[in-house]
Structures are given as structure tokens and as C-alpha cells.
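Participant: With these hints in hand, go ahead and build the complete structure from the sequences.
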Amino acid sequence: MNELIQTISAPWPWYVAGTLIGLTVPTLLIIGNKTFGISSNLRHLCAACFPANITFFKYDWKKETWNLFFVVGVIIGAFIATHYLSNPTLIKINPVLQQELAKEGITDFKNLLPKDLFSFEALFTLRGFILMVVGGFLVGFGTRYANGCTSGHSIMGLSNLQWPSLVATICFMIGGFVMTNFILPYILQLK
Amino acid sequence: MSENKEITNSDKSIAHNNSAKKENGRSLIKYSLVGIVFGIVFVKAEIISWFRIQEMFKLQSFHMYGVIGTAVVVGALSVALIKKFKIKTLQKEAIVITNKPFTKGNIYGGLVFGLGWAMTGACPGPLFAQIGAGIGSISIVIVSALLGTWTYGYFKEKLPH
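As given, the protein sequences belong to chains H and V, one line each in that order.
Using this note's numbering, the letters of the first sequence correspond one by one to residues 1 to 191.
Using this note's numbering, the letters of the second sequence correspond one by one to residues 1 to 161.
What the hints contain is simulated information worked out from the structure, not anything from laboratory work.
Don't take every hint at face value.
Said to hold, decoys possible - Within a straight-line C-alpha distance of at most 27 angstroms, the following computed DSS-like cross-link-like pairs (lysine-lysine) qualify:
1. V:Lys92 - V:Lys22
2. H:Lys103 - V:Lys58
3. V:Lys88 - H:Lys63
4. V:Lys22 - H:Lys62
5. H:Lys110 - H:Lys191
6. V:Lys21 - H:Lys62
7. V:Lys92 - H:Lys191
8. H:Lys110 - V:Lys58
9. V:Lys156 - H:Lys62
10. V:Lys21 - V:Lys84
11. V:Lys158 - H:Lys58
12. V:Lys88 - V:Lys30
13. V:Lys58 - H:Lys63
14. H:Lys62 - H:Lys92
15. H:Lys58 - V:Lys104
16. V:Lys88 - V:Lys21
17. V:Lys92 - H:Lys63
18. H:Lys63 - V:Lys22
19. V:Lys21 - V:Lys86
20. V:Lys58 - H:Lys62
21. V:Lys58 - H:Lys115
22. V:Lys83 - V:Lys30
23. H:Lys58 - V:Lys156
24. H:Lys63 - V:Lys30
25. V:Lys83 - H:Lys63
26. H:Lys191 - H:Lys115
27. H:Lys58 - V:Lys83
28. H:Lys191 - H:Lys92
29. V:Lys30 - H:Lys62
30. H:Lys62 - V:Lys88
31. V:Lys104 - V:Lys21
32. V:Lys92 - H:Lys110
33. V:Lys58 - H:Lys92
34. H:Lys103 - H:Lys92
35. V:Lys22 - H:Lys58
36. V:Lys58 - H:Lys191
37. V:Lys30 - V:Lys86
Computed from a predicted structure; not experimentally measured.
Facilitator: As C-alpha cells, then:
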């Protein structure tokens, strides 16, 4: 039993994680005819809380309550994994990346996100504000404009061989490459 | 409330629930259970790490490509099997998967989301998982993402699609 907990507590390899994420697609379809897609919840929350008479938010969001239940599960699952199945060793970060980040004064490599950029304190630095507030805005705006995110397009859409999802996925990657390699280095200098 | 019941046919993006059956609270719990497994995977495979996303976009690590690639292969095989054998839901309904219609939004929105993804180091799923992992400041990012979605809804008709 101890051995089992130890195995689970070590970081999971990509093929285990990928298989389990892939299986979410048929699981949701079979248990209730539901199509996998997480960013829609941002729309449901807007529709439920601040519809403001906007056509885009006038629909029967209650029919999609299942997805909000799914997201609550994600939060609980992350809590369980962090508190009861956590890995005692640090996340192994590519040393090249670590060096590049250290040059910009990022020294916290112990957590999932660097505290120097993502924390309530960092919010009052220019780069922290840009990454958290502007970054979050772009995620919410872009996913809805693209009609899906990594789950709805890259996993669900590609699984269903939808070419618009391939277009969207390629654009996600282009945007990410441009940001990380050409824009982020400048943002990180705005201390 | 009746006006809220209308979902226009042109807006297929919302048809995530293709079941005709109504579900009550207890029945909805099963989606939370799937979500719990999903949340555990996110944390255990370090998918919700900002560093992993930076490594991916700098081609410094294979990890995220392996995760997404495997997920697509497993998902595609599953969907193919469901279609081939006409597998039904547990409620004996025919499984319906809504097609994703192409719009220019796939391109423009995709690029915008890509920029945001690399900044926050998280797509919407991992954002929620980060809250569960105890990183409270991510609530700011989520509120901002909600504002972004709301703003899209407000300007939707004026944007190229």
C-alpha cells in the first residue's frame, strides 16, 4: 500500500497523464452525452452572473450546469493531489530556462508558478500586473473568440477530426511561441 | 426566463450538452468525479506549472507535447470506436458530437489566447486547478478571464468572424 502511494506521489509521466486526459473525452460522452470543453464555463459564469442583456449571454446556461460541476471537481482534485499525493521533490526545470529567468530576478523555482510573478504582492509590480491581469483577460477573450481552448479544440476537436480545431490549435501555438520567445523577455524586464 | 431558453442554431458553440434528459443534483455529481480525476492528473503531471508551459514554447522539454499528443491519440481512438460501434450513453441515448464550424475567430481568437496562455502559463482548466492547489492569487487571473469573455460577448457582433 505504501509503495502504491509512493508511486502515485512521484510526478506522473506524460503518457500516463495524456492517456487519462484523452479518456475524459469518451467518459463524458458515455456518462451523459457531454462534449469536453472547459473555457465554456467562463461564458456560463458570465451568463449566470452578469448577462447584461447581451445576446451572447442569453441562453439556457442551466442546461450546462454539468460543466460547472466538472470544474468544481477539477478544483477538488487539484486540492487532493496537492495535499495528499504531493511529490516531495522539487519540479525539475530545464536549467537553461532557469538561468534565463534568474537573469530577470526570478528566483522562486519551488512552486508551480514563480511567486516573483504570480502572487498578491507581484500584482503591484508592472510585470506581475501585466502577466496576471492582461494575461487573464487575453485567455478569456481569446478562448471565446476562438470558440474553445486547449480542451475544447486541441483535445476534443482534434479527437473528433475537426479541421477548424486544428487551425485553432496551430494559432494557439503560434501565439504562445511569439509571446514566450519575443514578447515575454521584455515584459519580465518591467520590474 | 423563457427568452433564455432560446439557443440559436448559428451558435453551435454552446451545444456541449447533447442529452435530452434533465439531470438533477445527484446525477450531476458524476461530472464532479470525472473532474476530480482530471484535477489530480493536472497536478501530478505538473501540467499546471508555469515553467512547463514556458519550456513547451521554448522547445526545451518534450513533456507537454507528449501529454497533449497522447491525449489526442487516445481521444481520437475513443471517438472512432464510439462512432464505429454506435456506442450509446449509459442512459441509452445515441451519442451526438457537435461539429466545430470554422470562423475567422479560430485564427484571431486562437492567436489572442496563445499570447495569454504563454503569459499566465495556464489555459482555463489549469487556472481552476491552480486555485485548488492553493495559489489564491490566481483568482485575480480568473476574474480577469471572466472580464475578457464578457468583453468578447459585448463586442462579438463588431468583430470579424
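Participant: Need the list of violated hint numbers for this structure, in ascending order.
Facilitator: 7, 13, 14, 20, 27, 31, 32
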